[in-house]
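Chains as they are written, first to last, in the numbering used here: chain P, 21 to 307; chain D, 5 to 317; chain R, 5 to 264.
For the record, the hints were derived by calculation from the structure and aren't laboratory data. Any given hint could be a false lead.
As the list claims (entries may be wrong) - Partial chain D-side listing against chain R, Cβ under 8 Å, derived:
id: 1; residue: G13
id: 2; residue: R14
id: 3; residue: A17
id: 4; residue: R25
As the list claims (entries may be wrong) - Derived lysine to aspartate or glutamate pairs resembling EDC-like cross-links, with alpha carbons at most 16 Å apart:
id: 5; chain 1: P; residue 1: K194; chain 2: D; residue 2: E83
id: 6; chain 1: P; residue 1: K194; chain 2: P; residue 2: D206
id: 7; chain 1: P; residue 1: K89; chain 2: P; residue 2: D50
id: 8; chain 1: P; residue 1: K194; chain 2: D; residue 2: D216
Glycine included, every Cβ here is placed at the ideal spot set by N, Cα and C.
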Amino acid sequence: MLVGARGLVLGTIALVGLWAAWELGLDPRDLIPGSGGLALAGELFSRAFSPAWTYESAVPEGTVPLPLKALEAARVTVMLAAAALGLSVVVGLFLGLAASTATWVGSAHGGRCAWGRCLNVTSPAIYGVSRVFIALLRSVHELIWAVLFLAAFGVGQFSAVLAIAIPYSGTLAKVFSEMLDEAPRDAAEALRSAGASPAQIFLFGLLPQALPDMTAYAFYRFECALRSSAVLGFFGYPTLGYYLAASFENLHYGEVWTYLYTLLGLVLLADAWSGALRRRLVPGGVR
Amino acid sequence: MTDSERISGRAEAVHRLHAARPRSRFARWSGIAFVGLVAVAWTSPALRPGDFLSPRRLANLRRFLGELVPYPLQQGEGENAARVAVAWSLDMLGDKGWSAAGTSLALSVAAIVLVGALAAVCMLVAARTLATPEPYVESPRTPSRLRQRAWRALAAGTRAVLVFLRSIPEYIWAFLLLAILGPGVWPLVLALALHNLGILGKLDAEVVENLDPAPMAALRGLGAGRLQIATAAILPLSLPRLLLFFFYRWETCVREATVLGMLGVVSLGYWIVDSRARNHYDEMFFFVLLGAALVLLGDLLSAVARTLVRRAS
Amino acid sequence: MSVESGSAGPAAGFRLESVTVSFGSVAALDAIDLEIARGEAVGLVGPSGAGKTTLLRVLNGTLRPENGTVEVGGVDLGSLSESRLRQVRSRIGTIHQDLRLVPNLRVVRNVLSGALGRTSLAGSLRLLFLPPRREVLRVHELLERVGIEDKLFERTDRLSGGQRQRVAIARALYQEPTALLPDEPISSLDPARARDTMELLLRLSRDDGLTLCASLHDLDIARTFLPRLVGLRAGRIVFDRPTAELSDEDFRRLYDLEGD
């Protein structure tokens, strides 16, 4: 890139940033919290190093101890995330295959038999429709789905799973299709010259080369799904966010940190897991 | 040797090779563990999809879907339905839509520009290749142990902070910051910025770590200092990749910006929960669609920008 | 049985008649006439860009010429449907210059993929996930013939370049081919290995009675190992004679930068 081009790009980004600040009326002076906010921040952050191990107010006899409650919330968080991601991987795999140019690369040659002719006509349509469908799936945030489902069905964990699974299916499909597109095509070409059919070329020559990347990415998305699942708690599902919000509203800041650290632990665990897997599956690869 | 002897000898050899084959137990067990987790999740009683589709709920759903139609149309404007729907939508846009969408877009832009600048600074501290008193020098002039450790600690500390920032989702950051800073747009901008700084800072640091060290070592040989190397070599060399990640994260910022308003700051998310609370489902649906349009626009702009960056570099 | 393992039929001969292939306005092959008898061993020589690889692609049926006829084993490829053409291709063992293996699969799977052309989709799924014992034993046997049987379950990208080439040869043999078409098989090997590889290819095709047509840029190797050489230059055949009848002058003309 030219020096001038570099300056132009950075300058434009800075200008657009300034427009955004002006549009929002961002004033640096508002960054200083009021006395109430300052006191709250002090109380909140002073508990960062002493999260609560017991409830900070009287609880009815027989309530489960706080650590167990946090673990139970963590369990629900993990379950919702796993159920949603499991569904998303299946949907994302099929949609991703349909939306990858690599899938259809062999079929352009298979135009003589009836099935091949049929595919030749329909494959651009399947490809195009699935790309649009993926964009639409991705365009609505999981929290908006949650609000919609709450309005339509009321609280139920199945709707929480669907809320996460819909946008995640879209994202996985998009990334899967890109990974398939980027997989080297040379082995596929060799199988074609050895008489393999388009489906065989795809299964033996293309998919295996993209699979390690796809697996590593799916595991990375599990980490994201854990966060989304936790946030869904703010809308009434019994995940970590639910208890975190409740404790915060009750000014039990020690409990807030208990839940925050539980979430932190979950995310770090998922991060370590997906990182270790990535190092083994994709040698030398950066995320 | 007879044929069958030869075959059994071969089978034995294959068996031996198969037993000694190199394999990644970790990947295998990870896959099994994950599939098991998903299976447990789907079989848990709390997740009964049957309940989801009970007749009562289906009736609710049907009524709900009917209420998504713009209110004037529900009143039965059969003939010029299209014109009524368009007029209603334009009304909604002029009334709240444009400004809400503009605010959401501005939130994402303000946050990502802030993050881009901060991450470019963080990466210079967090990159392992720079975490030494004498970066890019083959045989350092015996740096003091203490300074060496201080640099390493600074880099490790920065990375730990980035991990912490990344682990807390935007929505929870916004929730906490709104309480501290009071209602306003700053908490939302900061929430987006903190979470994404955690991600972009890590990605940018990896970009720096993967740079070819030769140009920096050459500058170092000319006696350039750390800041000079950063501005003359590291930033220009890594800029294309930094921009790719910048636009990729902006895409997700736009998505998040459509929902953060749910916490009570006037933007798209605010109107979605507000109209839901007032049971005006037609308006809620309108804002949902507007948010989707905004996200699609963000995806498109980001894709165009990334293509341009790829082509220019 | 998921794999129809017919015995390797008699070697196939090739016959090209005024075959023309052009990429854009450049004629890669210009009215080529060529006949290769069953079981013959032929070398294609000539400067890079002469059309050697293009000719091999015409011979293995992946490139349809815009003019002329291609006959493989007496069958005119131009008249074949795509599925019949696939059957012809499945019996021609092409060994690509860049090998074109799937790097992150085990050697056994890469070799097994040679059978795809004669296997149904369901059969090939079984071949990929639960290969029948008999087929694995056959792969082992083939690997033994190329000298790397102990690499059967190794990941292909862990192998050296020479070993990977042997995997590609084994994959071609697993096709139960009637002809072997190695494209520049020795281009990235040191002289000793190059000789080993040529000896291996000749031995394999002689033992199985296969037609061999190899493109080679190394003239010394070509003259040492192959009884008949076809000189290609700018898409045209410059000479086509038994190696014994070729003089240094012929080769000088083949590579001469001035004349055309």
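Hints, verified against the model:
no. : hint               : result
1   : G13                : violated, 10 Å
2   : R14                : holds, 5 Å
3   : A17                : holds, 7 Å
4   : R25                : holds, 4 Å
5   : K194/P with E83/D  : violated, 41 Å
6   : K194/P with D206/P : violated, 23 Å
7   : K89/P with D50/P   : violated, 37 Å
8   : K194/P with D216/D : violated, 31 Å
Violation of the numbered hints given earlier is confined to hints 1, 5, 6, 7, 8; the remaining hints are satisfied by the structure.
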